[in-house]
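Quick note, the sequences are listed as chains A and B, same order. Those letters in the first sequence? Residues 1 to 115, by the numbering used here. Those letters in the second sequence? Residues 116 to 275, by the numbering used here.
Since the hints were derived computationally from the structure, they do not count as laboratory data. Every value quoted in this text rests on a predicted model; they were computed, and no experiment measured them. Even for Gly, the Cβ is constructed at its ideal location relative to N, Cα and C. Incorrect hints may appear among the rest.
[Claimed, not checked] Computed Cβ-Cβ distance ranges for the label pairs, DEER-style:
{"hint": "1", "chain 1": "A", "residue 1": "Gly113", "chain 2": "B", "residue 2": "Leu117", "range": "38 to 46 Å"}
{"hint": "2", "chain 1": "A", "residue 1": "Val50", "chain 2": "B", "residue 2": "Arg153", "range": "17 to 25 Å"}
{"hint": "3", "chain 1": "B", "residue 1": "Ser225", "chain 2": "A", "residue 2": "Gly112", "range": "14 to 22 Å"}
{"hint": "4", "chain 1": "A", "residue 1": "Thr2", "chain 2": "B", "residue 2": "Val226", "range": "28 to 36 Å"}
{"hint": "5", "chain 1": "A", "residue 1": "Leu21", "chain 2": "B", "residue 2": "Ala233", "range": "13 to 21 Å"}
{"hint": "6", "chain 1": "A", "residue 1": "Thr2", "chain 2": "B", "residue 2": "Val244", "range": "35 to 43 Å"}
[What the hints assert, rightly or not] Output of the computed footprint for chain B on chain A, the stretches with three or more beta carbons under 8 Å from beta carbons of chain B:
{"hint": "7", "stretch": "11 to 23"}
{"hint": "8", "stretch": "41 to 51"}
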Amino acid sequence: MTEYVVRFIAGGVIVSAFAILGDMLRPKSFAGLLGAAPSVALATLAIAIVQHGTAYAAAESWTMIYGAIALACYSVVVCHLLMRLRLTALPATILAFSAWLVVAFALLASFGGAA
Amino acid sequence: MLVKMSPSALKRTRWYEYGIRFVLGGLATMLAGVMGARFGAAIGGLFLALPAIFCASATLIESHERRAKEKAGFNGRRRGQEAAALDAAGAALGSIGLVAFAAVFYVTVSVSSAAAFAAAILAWVVVSVSAWWSTRKFRTVSHHLSPAASPRSAHRRSVP
Chain A
1 MTEYVVRFIA GGVIVSAFAI LGDMLRPKSF AGLLGAAPSV ALATLAIAIV QHGTAYAAAE
61 SWTMIYGAIA LACYSVVVCH LLMRLRLTAL PATILAFSAW LVVAFALLAS FGGAA
Chain B
116 MLVKMSPSAL KRTRWYEYGI RFVLGGLATM LAGVMGARFG AAIGGLFLAL PAIFCASATL
176 IESHERRAKE KAGFNGRRRG QEAAALDAAG AALGSIGLVA FAAVFYVTVS VSSAAAFAAA
236 ILAWVVVSVS AWWSTRKFRT VSHHLSPAAS PRSAHRRSVP
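Please work from the sequences and hints to get the whole structure.
What follows is the structure, encoded as structure tokens:
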């Protein structure tokens, strides 16, 4: 239980820090870079190293590459849903999540985890 | 436009909007841990790049821009969508940096954990900013070469 409380607080603090930095930056497209900040990864990989060692963290970071590629696809889909279909942000970001899931798991199924 | 930092922009964000992002960030990190513990490192790793707070961020950006436009007496719906789309375009470029972060971490973590984090963050910053800069330069050159480009392009509008 303590582990999950630590995860929650660490993740919340790091994500909030990147979000505040993103709020302050202009232009918007530059601030958007922080939408793909490694906030969840920093907290999770640090805990993974302490709990399971560097090999486990390396294995997680390998498949994180697939997750990041899926995030790029997700962002492009959100952009198109907003600009072409003229959806508002909430439905666009929720609908596009299916794209993230499909791409991430397709890459994992195709290329597998770390050797 | 040069990159600027404007602390006064924080005044537009309400306290509960920070709370939402804190909670979503915390939940996303917990979820990544749960997925790793239940299904192994391979599945857990995917969730390190989960777009968990993106929906909150995009919605907040959209509502801020819409409010600002409506305050001036205009319909801000389209402006809000464009601002959220620009944020998403930036996130797509940031994702390239996130790939670099993960790859550099994978290669260096066996040498030194602290150095792996430092090198990975540096890789994320350098690759993300380079991708953003290159796209911006390419777009500027394209517009100079084709002055008759579509006037409805979101890139040509003046969302700050």
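Against the structure, the hints:
Separation of A/Gly113 from B/Leu117 is about 42 Å and conforms to the stated range, judged on CB atoms against 38 to 46 Å. The hint said 17 to 25 Å for the Cβ distance between A/Val50 and B/Arg153, and at roughly 19 Å that hint holds. The given range of 14 to 22 Å is respected by B/Ser225 and A/Gly112, whose C-beta atoms sit roughly 20 Å from each other. A hinted range of 28 to 36 Å for the beta carbons of A/Thr2 and B/Val226 is consistent with their spacing of about 30 Å.
In this structure, A/Leu21 and B/Ala233 meet the distance hint of 13 to 21 Å, their C-beta atoms being roughly 18 Å apart. The hinted window of 35 to 43 Å between A/Thr2 and B/Val244 holds, with their beta carbons roughly 37 Å apart. Closer than 8 Å: that is the beta-carbon criterion, and the stretch 11 to 23 of chain A has 10 residues meeting it against chain B, so the requirement of 3 holds. Coverage of the stretch 41 to 51 of chain A by chain B holds in this model, with 9 residues showing a Cβ closer than 8 Å to a Cβ of that chain against a need of three.
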